[in-house]
Amino acid sequence: MASQIFAYAIIGLGSGALISGVGLGVVLSYRGSGVINLSTGAIAMLAGYCYWALATGEFGVTFATGWAIVLTLLFSAVVGIVFELGVVRPLRRQPPLAKLVATLGILLSAQAAIVLAFGDTAHPQPSILPGGNVTLFGVTVPDYNLWMAAIILAAALVVVAVYRWTRFGIGTRAAAENEAYATLFGLSPNRYSMGNTVAMALVMGLVGMLAASIAEVDPTTLVLLIVPGLAAAMFGRLTAFTTTYVAGIVIGMAESVLLYLSTQSWFPTSNGGPLPGVDELLVLLVLVVATFFRAGKIPSRGDIVESRLPRAPRPVAPLRTAAVFVPIAALAMWVLPFGFREGLITSCIFAVSLLSLVVVTGYLGQLSLVQLGLAGVAGFLVSHLSTNFGIGFPWAAIVGVAAAAMLGVGFGFPALRVRGVQLAVVTLAATVALETFWFSNGSWGAGVIGASVPAPSLFGFDFGTNASFHGLGGGEPSPLFGWFCLIVLVVVALLVANLRRSRLGQQMLAVRANERAAAATGVNVRNVKLTGFGIAAGIAGVSGVLLSYSYGSITASSFSALIAVALVAFVYITGITSVPGGVFGGLIYSGGIFAFALLDWFGLQGNWLNLIVGFLVVLSLISRPEGGATFLFYGKHPSLWARSPKKAQATRPLSGTAHGGTAHGADERNQHGLAPVEAEVTS
Amino acid sequence: MTDPVLSLEKVSAGYGQSDVIRDIDLEVRAGEIVTLLGPNGAGKTTTLRVISGHVKQSRGTVRLKGRDLAHLSPTQRARAGIAHVPEGRGIFFGLTVAEHLRLGYRGETIDPRVVYTYFPALRELRDRPAGLLSGGEQQMLAVARNLARNPELLLLDELSLGLAPLLVEGLLPVVRDYSRERNCGVLLVEQHVPLALEVADHCYVLSHGDVVLHEPAERLRDDPELLVESYLGGSAAKETLAT
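As they're listed, the protein sequences go chains B and F.
Under the numbering used here, read the first sequence as residues 1 to 683, first letter to last.
Under the numbering used here, read the second sequence as residues 1 to 243, first letter to last.
Quick partial rundown of chain B residues pointing at chain F, CB under 10 Å, derived from the structure: (1) Trp165; (2) Thr166; (3) Arg167; (4) Gly171; (5) Ala174; (6) Ala175; (7) Asn178; (8) Tyr181; (9) Ala182; (10) Phe185; (11) Arg191.
Simulated restraints on C-beta separations: (12) F/Pro129 x B/Gln264: 47 to 55 Å; (13) F/Asp68 x B/Ser623: 28 to 36 Å; (14) F/Pro129 x B/Ala154: 22 to 30 Å; (15) F/Asp127 x B/Gly131: 43 to 51 Å; (16) F/Asp68 x B/Ala317: 52 to 60 Å.
No lab work stands behind these hints: they were computed from the structure.
C-beta: ideal position from N, C-alpha, C; glycine also.
All chains, please: the whole structure from these sequences, using the hints.
Structure, rendered in structure tokens:
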């Protein structure tokens, strides 16, 4: 048994190397430009596809392995340059959260582009490493695992050497510490940022190609490697390359050993198979430990930050707005043909989901990627209470929403200490863990086939999707269910609008702007945060319940991390800080009515929408951070904007507080002074 | 006569809508130390930031050796020969002393010998991170690193901030010597007036964003009343004297 564990640990070196590589990419991005780059895995995937296409002759020309490697690295470098010029540089004066959201947009676009180009099935690709075996201490394992670990180690050591001994590395460290001081010495932070981004892309190119030895290319595996990769990078405090490398290798080995242990008879089982999702849980645990005990020492960057989250305008007459739009939507439910009706219903449901993001991110300023997971919790509870215990509507729904709200408050607790970008990272891991450990679990979740959800009915009156009442368009889903969803959406929307006008809403905005200042003026930051998380989670739970009723069954894939990412992207372009932003986000969400119209009229798949939206996120963060719908509704009321976002160019003074600051000092940094710094043109 | 190293002509600048400094005229010649005095909030630091490009002027021209700097970024101005030691020292706590001397833009040559000649104490501290140096040593490093760039113009902002006066008394004469030997213009902002006047050739006094006094430093050394008057504002000073 010991030798088996050893063998599996060695085999884990391979995937550990990939995790380390992604972690290195995250650290390079952070040190070079202060971006917490969630798209490193996606860039590795692009490189993997590039290598696959070149080596297998997908484009008609088959290259020898050596040439394919060189061309792939070249391609990676170009991706890095484009990423730098298109995302990092335009956003360098933006707050860390905006940068992170932009990388989510890139992740979404990259994934959608690959699915559109090559489909979502996996393709086998030729390995770049020799396929021999090696015998270590009496155990024979494939030697590519060792090669992978060695190659990534070499990359890490090169980076370490560059950072320690070269002028470029010293300059990068200086610029990361204080950009303004660096410019006083005539250094060019842009150049360092570019160099590091390209280095990141090259490492990702390596990861993408090395992955060929242990996996086929597909559009998700490498993308989601960002989660363990981030865990490793967090262990290295987003700065230490060697620690990150070791942490990544250890995570890979631990996952591999877990795989072996899961074949043992004592391992917990579920529906006859070993318990799924244990390694995702492990990664979540590592991340939580890392963020709690290591993140406090992540050095904040002395960047010059111009603006923060866009303003959250005060709603004007929400009832009047509702009175205009609701009859239109209600009529549409009845009149529209079934495809559009279904799209509208999906839009309503996702609008509810996005409103939960408006509360937790727009009002409270915490980017939570677990809202969709919470929706899933409510949905799965509804399914189980109904099918296993005979508890139907409304009690199952109420229990589901309450459970989501309580779990949301639970996630609020870490948010008392962990904020901003780190919270986004932890909640992303939580979403992945929920999906694999709970939702895919055969006995508690849906397994692979999905769990059924009986239609909702009240006092014998059925208003599920298959209710007997049909609209003019005919077919399912019934307009009754549509109206039910619409009513729920209206109630939630009015609640969220009212929240903005209430005292609690003001306090949330105060917490969002500056936690310390809010505490100093007597706001109970802890309670406000927990309440905000609870409200948002409850709303997410409502959307999960509606979602489960609308499909009649529920699957884990409806609540995947990639969908969570897409939701954030959609609501950011329509407006993360206002009710219209959330509702319009639902309307254009892929699967919603706009996406269906695109498909029906132009034959454009949902992935086209994702591709465009991913890029639009970056564009919108640069030019209209408040979002399209928010602008549409509130842009003409300048009195609602205490100061116009264009004028909010407060920046840090030269004598800033960058030194010795901690990561969560980042949000407050902007407070200290008003020295606009002229944009730097050259490098 | 040759162009001054630095000349400001009718420069106004500020933050947002309001100007902090108005119509400033100022000149610094090669090899001379000009000190900029004035009470808190007079606009001294802002003036330095305008020169190094970190605050944009709303009107007026800034020239370095006759060359208009209007379209140069802070990085380009630094490369053109402006060395700015900001309040708070402007060094990097994570880098060692030796690494500070290796730091530089592409093609720049830094001469560590300059540093160790003018500040021999730093030689022993070579491998210590700047964050672990004492306040005085940090200030020494900040000045030394900027001298090593061989600048045309050195801007020094409040060297005495948070330091014992004794330390500054040691620093300023070094700057004085360097300026003479290398023909470098120095613009010195200082709260500690006697120290500044001791090394300076010329003195400007700013008050509420206006230059209220411009005299050779010598004259102010001899006649401190003049300085008091300019600090308190003309009429207020007369009233004080009258009572």
